[in-house]
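*Asks:* Produce the entire structure from the sequences given, and follow the hints as far as they go.
Each residue of the sequence shown is one higher than the last, beginning at 2 in my numbering.
Be a bit skeptical, because a hint or two may be false.
Label-pair restraints from in silico Cβ distances [said to hold, decoys possible]: (1) S109 to S135: 15 to 25 Å; (2) A193 to K46: 32 to 42 Å; (3) D171 to N203: 14 to 24 Å; (4) E129 to E218: 16 to 26 Å; (5) S109 to E192: 33 to 43 Å; (6) E129 to T187: 40 to 50 Å; (7) D114 to A217: 33 to 43 Å; (8) P78 to E129: 27 to 37 Å; (9) F104 to Y126: 17 to 27 Å; (10) G77 to E110: 33 to 43 Å; (11) K156 to E110: 35 to 45 Å.
Calculated directly from the structure, the hints in this document are not laboratory data. All figures in this text were calculated on a predicted structure; none of them were measured in a lab. Every residue, glycine too, gets a C-beta built ideally from N, C-alpha and C.
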Amino acid sequence: MRGPVSPKFVVTGCSRSGTKYIAKLLTALGHPTSHERVFSIHRVKRLEEGQDVFEGFDDLDGASSFLAAPFLHLSGPGTLVLHQVRHPEAVVRSHLGIGFFAFPPKPSEYLADNHEDFLTIIRRYAPEVFEQPSELGRCLQYWVSWNGIVADVLKREDRPYFQYQLEGIDLALLRSIDELFCGACTDSELEAALAAVPRSVNARPRDDTFVWRDVAETPLGRRADALAREFGYML
2 MRGPVSPKFV VTGCSRSGTK YIAKLLTALG HPTSHERVFS IHRVKRLEEG QDVFEGFDDL
62 DGASSFLAAP FLHLSGPGTL VLHQVRHPEA VVRSHLGIGF FAFPPKPSEY LADNHEDFLT
122 IIRRYAPEVF EQPSELGRCL QYWVSWNGIV ADVLKREDRP YFQYQLEGID LALLRSIDEL
182 FCGACTDSEL EAALAAVPRS VNARPRDDTF VWRDVAETPL GRRADALARE FGYML
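*Replies:* Written as structure tokens, this is what we have:
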């Protein structure tokens, strides 16, 4: 019988939003955090097939993965959800740069050999992404829909929740996150972690030809703008 996943915390948001960076940062602070190990594509597929729950929290405090978004309801009610968001323009540029939502698919060394499995999971929980006729539209709809999944789960469930911007991770924000756990880190330890983990830890090519004004006046652009403002961005 399926039981709950019980980490202390789960970090999630869109792909290309720094979930690997924050996993390394939290681990450097003494909060062991996996990246796409517990909420991996293989384990998510097993959940989809009705198999048992995730394992692997024995040596971890938390897990970081964009794939966790549709499965937050499986975590224990006391599990803290860290919703990490990134500016939509940056997320779209990053997905365009690696051809994540390209159709027909484009060969890319930055995509997993089983990339179609990732698209299958996204299609299952956000089918509207693939209703968009253009690659740009799919990238933007994904940002709206996947962040919306996290927000919707948290509206339905009463659980600890903290939403913050990837771009805003600094000493003060990291201190706030640490205080959600135990507040045991000193400022010098927080500063050392920030210095030790480069923001470029999972950098990929970007398509910088895309600018927000390309979509600002479209219906989808306006929906993205409204959600971005909820997250504190002014587009």
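*Asks:* Look at each hint and say if it fits the structure.
*Replies:* Verification of the supplied hints:
1. In this structure, S109 and S135 meet the distance hint of 15 to 25 Å, their C-beta atoms being roughly 18 Å apart.
2. About 38 Å separates the C-beta atoms of A193 and K46, a value consistent with the hinted range of 32 to 42 Å.
3. Between D171 and N203, the C-beta spacing of about 19 Å keeps the proposed range 14 to 24 Å intact.
4. Between E129 and E218 the Cβ separation comes to about 20 Å, which falls inside the hinted range of 16 to 26 Å.
5. A C-beta distance of roughly 36 Å is found between S109 and E192, which places it inside the suggested range of 33 to 43 Å.
6. Checking the proposed 40 to 50 Å range against E129 and T187 shows it holds: the Cβ atoms sit about 46 Å from each other.
7. Take D114 and A217: their Cβ atoms lie about 36 Å apart, and the range 33 to 43 Å holds.
8. Between P78 and E129 the CB atoms are about 29 Å apart, so this pair conforms to the stated range of 27 to 37 Å.
9. Checked against the hint of 17 to 27 Å, the C-beta distance between F104 and Y126 comes to roughly 19 Å, which is consistent with it.
10. As the Cβ distance of G77 to E110 is approximately 38 Å, the hint placing it in 33 to 43 Å holds.
11. Roughly 39 Å separates the CB atoms of K156 and E110, a value that falls within the hinted 35 to 45 Å.
When each numbered hint is compared with the structure, no violation occurs for any of them.
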